Structure formats: C-alpha cells, structure tokens
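Enquirer: These are the residues of each chain, in order.
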Amino acid sequence: MVATLLQIAEVYLWIGAAVAAVFLLWGIDRVEPNAAGAFVFRPLLIPGILLIWPLVLWRWWVLTRGETGVRRHRPPRRVQHAVAIVLALAIPVILMGALLVRQNRPLERPAVLLAPPAAAPAAEGEAGQ
Amino acid sequence: MSVKYVPVQWNPNKYVYDAVLLASVVLYIFVFLELGTAAADVTQPINGAIVRMRAFGSCAFLMLSVILAIGPLARLDRRFLPLLYNRRHFGVMTFAVALTHAVYVLGWYFAFSPTDPLVALLTANTAYGQVLGFPFEVLGIAALLVLAILAATSHDFWLSFLSPPLWKALHLLIYPAYAAAVAHVALGYLQDATNPAFALLFGGAVLTVGALHLAAWLRAPAEPTTADDWVMAGDAGDIPDGRAIVVRISPTERAAVFRNGRTLSAVSNACAHQNGPLGEGRIVYGCITCPWHGFQYRPEDGCSPAPFTEKVPTYDLKLEGRTVLVRRTAHPPGTRVEPTPLPEDVA
Chain A
641 MVATLLQIAE
651 VYLWIGAAVA
661 AVFLLWGIDR
671 VEPNAAGAFV
681 FRPLLIPGIL
691 LIWPLVLWRW
701 WVLTRGETGV
711 RRHRPPRRVQ
721 HAVAIVLALA
731 IPVILMGALL
741 VRQNRPLERP
751 AVLLAPPAAA
761 PAAEGEAGQ
Chain B
963 MSVKYVPVQW
973 NPNKYVYDAV
983 LLASVVLYIF
993 VFLELGTAAA
1003 DVTQPINGAI
1013 VRMRAFGSCA
1023 FLMLSVILAI
1033 GPLARLDRRF
1043 LPLLYNRRHF
1053 GVMTFAVALT
1063 HAVYVLGWYF
1073 AFSPTDPLVA
1083 LLTANTAYGQ
1093 VLGFPFEVLG
1103 IAALLVLAIL
1113 AATSHDFWLS
1123 FLSPPLWKAL
1133 HLLIYPAYAA
1143 AVAHVALGYL
1153 QDATNPAFAL
1163 LFGGAVLTVG
1173 ALHLAAWLRA
1183 PAEPTTADDW
1193 VMAGDAGDIP
1203 DGRAIVVRIS
1213 PTERAAVFRN
1223 GRTLSAVSNA
1233 CAHQNGPLGE
1243 GRIVYGCITC
1253 PWHGFQYRPE
1263 DGCSPAPFTE
1273 KVPTYDLKLE
1283 GRTVLVRRTA
1293 HPPGTRVEPT
1303 PLPEDVA
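Residue numbers (our numbering), protein chains in the order written: chain A, 641 to 769; chain B, 963 to 1309.
Since the hints were derived computationally from the structure, they do not count as laboratory data. A hint or two may mislead.
Rough simulated footprint, nothing fancy, chain A against chain B, three-plus residues with beta-carbon under 8 angstroms [as the list claims (entries may be wrong)]:
hint: 1; segment: 1041-1049
hint: 2; segment: 1079-1091
hint: 3; segment: 1117-1127
hint: 4; segment: 1140-1149
One-sided and incomplete, this derived list gives chain B residues near chain A with beta-carbon spacing under 8 angstroms [what the hints assert, rightly or not]:
hint: 5; residue: Lys-966
hint: 6; residue: Val-968
hint: 7; residue: Pro-969
hint: 8; residue: Phe-1074
hint: 9; residue: Pro-1076
hint: 10; residue: Ile-1111
hint: 11; residue: Ala-1114
hint: 12; residue: Tyr-1137
hint: 13; residue: Gln-1153
hint: 14; residue: His-1175
hint: 15; residue: Leu-1180
hint: 16; residue: Ala-1182
hint: 17; residue: Val-1208
Every value quoted in this text rests on a predicted model; they were computed, and no experiment measured them. Backbone N, C-alpha and C define an ideal beta-carbon position, used for all residues, glycine too.
For reference, chain A alone in the conformation it holds in the complex (with noise of 0.2 angstroms):
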C-alpha cells in the first residue's frame, strides 16, 4: 500500500517535470510579461511546478483564454480570520490531549538507570573446559 503510493507520488513528480520543461521553456513567456528576457531565476519555479502541477496547469489555460482583475482586489481575508481562530482553538486541544495521554506524569519520580548486574563467577566444570 504504502510502496505504490510512493510509485503514484513518483509517477506525479515526472508528470511535474514535464510539465516544468515544456512550460519554462515556451508557456511562461505567453503568459507573464514579467518572465520575457528573464532566464536566470526560471529553475527556481521547478520545485514549484514538480509540486502543484495540475494548478499550473489551470492557471496556464485561464490566463491563455484571457482573465479579467476583478478578483485581484479581494484576497481571501475572511477564510484566513477563521482558519486562524480554529488554528488557536485547536493548539490546547492538541496540547492538553497529547499531555493526558502520557503515560508518565511529569511529577513522577524519574526514571533511574540500572546498572548491568556484575558478572557472575565461572562454575568451575565451565572453566576447566
């Protein structure tokens, strides 16, 4: 389970590759004006593009089909308030509940580290074989 799920992972990452080759060579100049002339930072964008390919990919398509700045004024501010009130909410739980669930309790006398017993002396058949 865990192998081909590793294999899918892999298999995502060359599709990623890819798409990184054929887009930083020819797709990113039709797309950001920005990039025209701009060679030298273009591998930086591979981990980005092997990582959300399928995103490039969209965000190609919609800005080759052409897209309108309405939505560029309005960051999602909303949604950040609430995953950040969830986020501080959720911090004690998950503090609290690892805390209770250990074994040991921090007042309790501290673990002591035993010392290897002392060797036993021979019997005497053993040491005269």
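For this one, chain A is given, so just place chain B on it according to the hints.
Expert: Below, chain B without anything else, positioned relative to chain A:
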C-alpha cells in the same frame, strides 16, 4: 510597470534581515548541540545524530512559531510590519531547517533498513486508530510537504501567476501545517521527554501563537453592519499628510483613504501588482507608493503614471464635520474621483 524577475529580490534591509536570521539559526543549533546531550533523557544516553535531529527539528518548529506570530503581531502593532514584509525568506529558511531534520531522521533510524527508508518509516508503525502511540511521523511529513509547497511557491512569479487570492489561499495551508507540526511534537518527543525545558519552550511557543491570533482577531475592526452605503473611516485629523487610514468596506475588501496635502482620496487597499497593502505605503512625488515593490498610483484616479498601465479601484468620499465617510461601492479600476478638500480646521 514592468519588473523583470530575478532569482532573489534582495535589498539592504533584506540583507540585514537574512543575516540576523541565519546567525540566529546557527547560534541556536550550536547552543543546542553543546547543551542538548547533557540535558537529554536520563534513561538512555543519546548519541550525536539524535541530538542533531532534535536540534534542527526544534529549531524548525520555533521558526515556524515565530513566522505565525509575525502576522498577528503586525496587526496589533505596526512596528512589526518590517518583519512581515520579509517573511518569505524566513519561510524558505524554515523549510531548509525542517528538511535537514527529516534527512537526519531517515539517515539514522532507517540507515540499514533492507527496504526503502521512506517505506520503512511509513510502515514501521501503522497504529492510526489510537492516540497513544499514534504514528506521529506522518504528521511531520504532512507539515514538511506543506512547507515545501510554500517555500517552492514563494517567488514573486507565483504571486503574479497564480493571482494574489489563489496564492494567498494556497499559503493559508500554513495553519493546518502548524497544527500538524504541533501534533507531531506533542505525540512524539513530548510523550517521553523527561527534561521539562523543551516542554516548557514548546508549550510557551504554541500557546503564544494561539493567544496572538485570538488577540488580533479581537482587535480587528468590526465589519460595518449598517445598511447605509457609506462607511465611517475615521477623523480627518487622524490622517497624517502623505499617509492613509485603512477602512474595512466588506469582509473581503478594504479601502485606503490617503491625505495628499489639503485633499483626501480613497483607493483599494490592494495593489494591482501583488495585492500589497497600499494603505501602509505613503505618497511619494504625488503618487501612492506600495510598500512592497514601489508600484505607484495617482490618488485621484488610481492609475499608475504613464507609461505604466496598472489601475486600482477608487471610492467616493464625503465629510460629515471632520468624519470621513467612504462609499461601499467601488468604482472600476482607474476611475477618476474628484479629491475631497479637508475641513478648514484640519487643513
């Protein structure tokens, strides 16, 4: 307004910021390696590899905590804004430190595994149905994957290519990633740690992050509830010359009311370039200047001066005594609105 992309946009401030950041990381790792072995668990003496992975892991976690604290801090106190503007370099460095931690884990615990180290890591413990003994490694992997996506898409190109709203939505993944990292530490190291120092540091960091977010949420300006088309922005006398106050028009929209000498004008708070906060910028040579990349707009029509072509929406303004009111409905980007003269006693 064209800005040809470069690999990294550095300026003198960012050099200082990055240098301080790097020095802090090196100092933390050094101190941890010096003190970590002696302060570690008493039941089993630990070796250098484990101390190193703990040093980088705890460093990455604390860096992530600071990153998440910067946003609410900047909302609570404007003096923290410079930290906010340079946060992307901070994020990339955090990913590098977290990746080093992961490499140490794979290289130590699974160094001699006959199976692939990653397969071995994910199959060594599959007790997903229980809290105690939960395979906390997957939580760390999930957080690391998100950090990788955020670091890999931190270049300005991505903000422009994905569009600011989508880029911002993608980068909101930092919140679930942080929750996963908290659980990773809480269900992992915290379960058998006997030295309270790290537990206190960890608890203090996560509770501070949570408290700052709650405080910033409580201090956020209330959403205007009036059905009136006009929203109160504030007292005209509170706007310094060349600066702005920001008013919340709707849950997703903010306007910046600028004072330009003896007149007032309002434009969208989101820069057309990458949604930078125009209201935190100032008027330079008669143009509103974005604090992020210096894109400029005329206050009266929201247009960049020729030959540039960027435009932002504009808003109607009116005064009731000294109180500035902004009309909720924005004009299309680039629409001229006659500037409103300041009241005599303010001007």
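Enquirer: Does the structure break any of the earlier hints, and which numbers would those be?
Expert: The structure breaks hints 1, 8, 9, 15 and 17; every other hint is satisfied.
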